[in-house]
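These protein sequence lines map, in sequence, to chains E and G.
Just so we're aligned, residue 1 is where the first sequence starts under our numbering, counting upward by one.
Just so we're aligned, residue 1 is where the second sequence starts under our numbering, counting upward by one.
Rather than coming from a laboratory, the hints here were simulated on the basis of the structure.
Ideal Cβ positions, reconstructed from N, Cα and C, are used throughout, including at glycine.
Derived Cβ-Cβ restraints for the label pairs, each shown as a range: (1) G:Asp220 - E:Gly131: 25 to 33 angstroms; (2) G:Lys73 - E:Lys3: 42 to 50 angstroms; (3) E:Ser183 - G:Glu272: 50 to 58 angstroms; (4) G:Tyr411 - E:Asp251: 22 to 30 angstroms; (5) G:Asp346 - E:Ser167: 34 to 42 angstroms; (6) E:Glu78 - G:Asn221: 25 to 33 angstroms; (7) E:Glu186 - G:Tyr411: 44 to 52 angstroms; (8) E:Ser99 - G:Asp381: 51 to 59 angstroms.
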Amino acid sequence: MYKIVKKRFLTPTICLMDVDAPRMAKSAQPGQFLIVRTHDKGERIPLTVCDYNREEGTVTIVTQIVGASSRQICHLNEGDSFTDFAGPLGQPSEFIHMSDSDLAGKRYLFIAGGLGTAPVYPQVKYLHSRGVEVDVIIGAKSSSLLILENEMRSICRNLYICTDDGSYGEKGLVTDVMRKLASKGERYDMGVAIGPMIMMKFATITAKEIGLPLIVSLNTLMVDGTGMCGACRVTVGGKTKFACVDGPEFDAYLVDFDEAMRRQGMYRKIEEEADHKCKIGLN
Amino acid sequence: MRNKISRVPVREQDPKLRASNFEEVCYGYNDEEAMLEASRCLGCKNPGCVKACPVSIQVPQFIYEVEQGNFAKAAGIIAADSSLPAVCGRVCPQESQCEGSCILGVKGEPVAIGKLERFVADRARKDGIKFTERLPSNGIKVAVVGSGPAGLACATDLAKMGYDVTIFEVLHEPGGVLQYGIPEFRLPKEEVVKYEINSVRDLGVKIETNVFVGRTVTVDNLLDKEGFKAVFIGSGAGLPKFMGIPGENLNGVVSANEFLTRSNLMRAFDPEYDTPIYVGKRVAVVGGGNVAMDAARTALRLGADVSIIYRRTEKELPARVEEVHHAKEEGITFHMLSNPVEIFGDEKGWVRSVKCQRMELGEPDQSGRRSPVPVEGSYFDLEVDVVIMSLGTSPNPLIASTTPGLNTNKYNCIVADEWGATSRAGVFAGGDAVTGAATVILAMGSGRAAAKKIDEYIKGLN
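So that you can see chain E by itself, here it is in the shape it has in the complex:
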């Protein structure tokens, strides 16, 4: 069992948890993910690694309530335990393999959409610790869904915030900010976009327009998360890849986003039916 040692709500629907998982805390790297189960009959739910504390043996996850399974996670309290907490899974971000001389003078732009801010955080933190200059764009639907603003501000050079409804920061989409930065003459060696599939699709289109090389992290369907099932297949550069073991990060220019979005919705109908348990006994 994996005990929740700290829990706090970042927004009314998004919660952050530090979970006691010493083995994983020792080996987790930016870019990786993990799988949790909340009870014996529960699903295996993939979540990104938001942070890790090697000394204290904890791993941080951030979850937004969107369906039955994520609700089960957010309903757990400090002192409760996850039945299973497996990982880290997937390839770490490519830059962790880069030497100091490779990284010297490089400029990174991170583009975080909504909950995607959580997996962006450890990457920025890591690059910051190695002295790399990082700018971050966070986009959210509204101010009430904005997370980790202060944490991010303390580790990046410039933080740009935009909301769809203009309730905080600039009104607009992350792609608007990307274009604005490009037109101001800001140049980056590499961009990393993490967020909803549709946001990553349009960030990629914009990145191509402004000539920004881009990495995306794909949150596909998964069962085991170890290469066994193939539910996470994505087409990258015309070839089928498994997001769980070949990714989750890929060269954004090569990803077939339309297929990825279609595949992501494969169980939507079944899940919606399962999530909606009729209270007046119609089913």
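Since the structure of chain E is already known, use the hints to place chain G on it.
Same frame as chain E, but now just chain G:
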């Protein structure tokens, strides 16, 4: 003179009934049936069945005890060589191993060794008989990667020799393919798999789940930092193959691994569990192995109309005869000499049909089976909404790629000799991780061989 009766038939659940439930198909023998069947064994002085068994179970000896009604004694004889008798009695391809070498099989029907093994194991379980004899602990730590048949067999033998064994398993339930691959109706999880794994635990073996060796911890860390003197890798062959044909990433195309993992490990067939499974109305399963039969029969039980597409003829089907027979009884259609060439989808990207090409048999290939040759211009469409690809699996390259100096071949299989020794001192391997997808019992055999070698290796260190 031995009893010259014909083979005692085994009782099974009615095909019509079982086609819509997940309860076990085969009921197994009762005491009388088992003793009667046991009386057919000739008790050969030089028994072919023992040689043909990858873990060398003393078959005539245990069958003799069954005939005498000494069921506990029979269980003890099997336990000396196998920690998973209730599993193997159910899933071994006996026709090509012990029973295939039975002298009675030359002119008639071989002794039902598999059914007798199962009977003995089931009877011992019901009687609460356990075999936990082991040498006193020597305090030496050995790590086993993977809790499937290879790892369990290796861990069992090492524990009996006195080693302090920890198995690392990446999934949340131990058992490997016994847990995620083989369906409930062929191998009950709670009653059989969990029980036999607990018997391994009773020998003192620890099982740590949710540990992905290669990611959570590396083989080198186990050896250098955690004090393990040797590591056995029995991580299986879990990576599914696809055909590479157009339409394969449409919604509704899944690997047999995914389909079976959802139903077996995640128990999606049971509405009490959260994991969803999409079955559709009409399912095509591509392939002819045991896994294809398992996927087809699972889809059938979940309410679909199921057909199997196989590129050779029934004679070449790699599945166990019993599985093919059961699949047919349950109403699965076989499209032989057919091979999918493209999958078509509807406007929303869901599978609509699969286009197949007719095949004919040509010259024998490397496997000795006649190879299928496409018949030019001969195609047919099968209207389906789910396609399950069951084309075999290959080992996950992760462990090898994170263990410097551990050699693999071009199929990502770890290179090891017949005793499991790899290119790295102290690192041993066996089962599907070495051979590619094979059987439960072959994996167990290689786990046992490696246990012996690991013992020699560790003794040589001092």
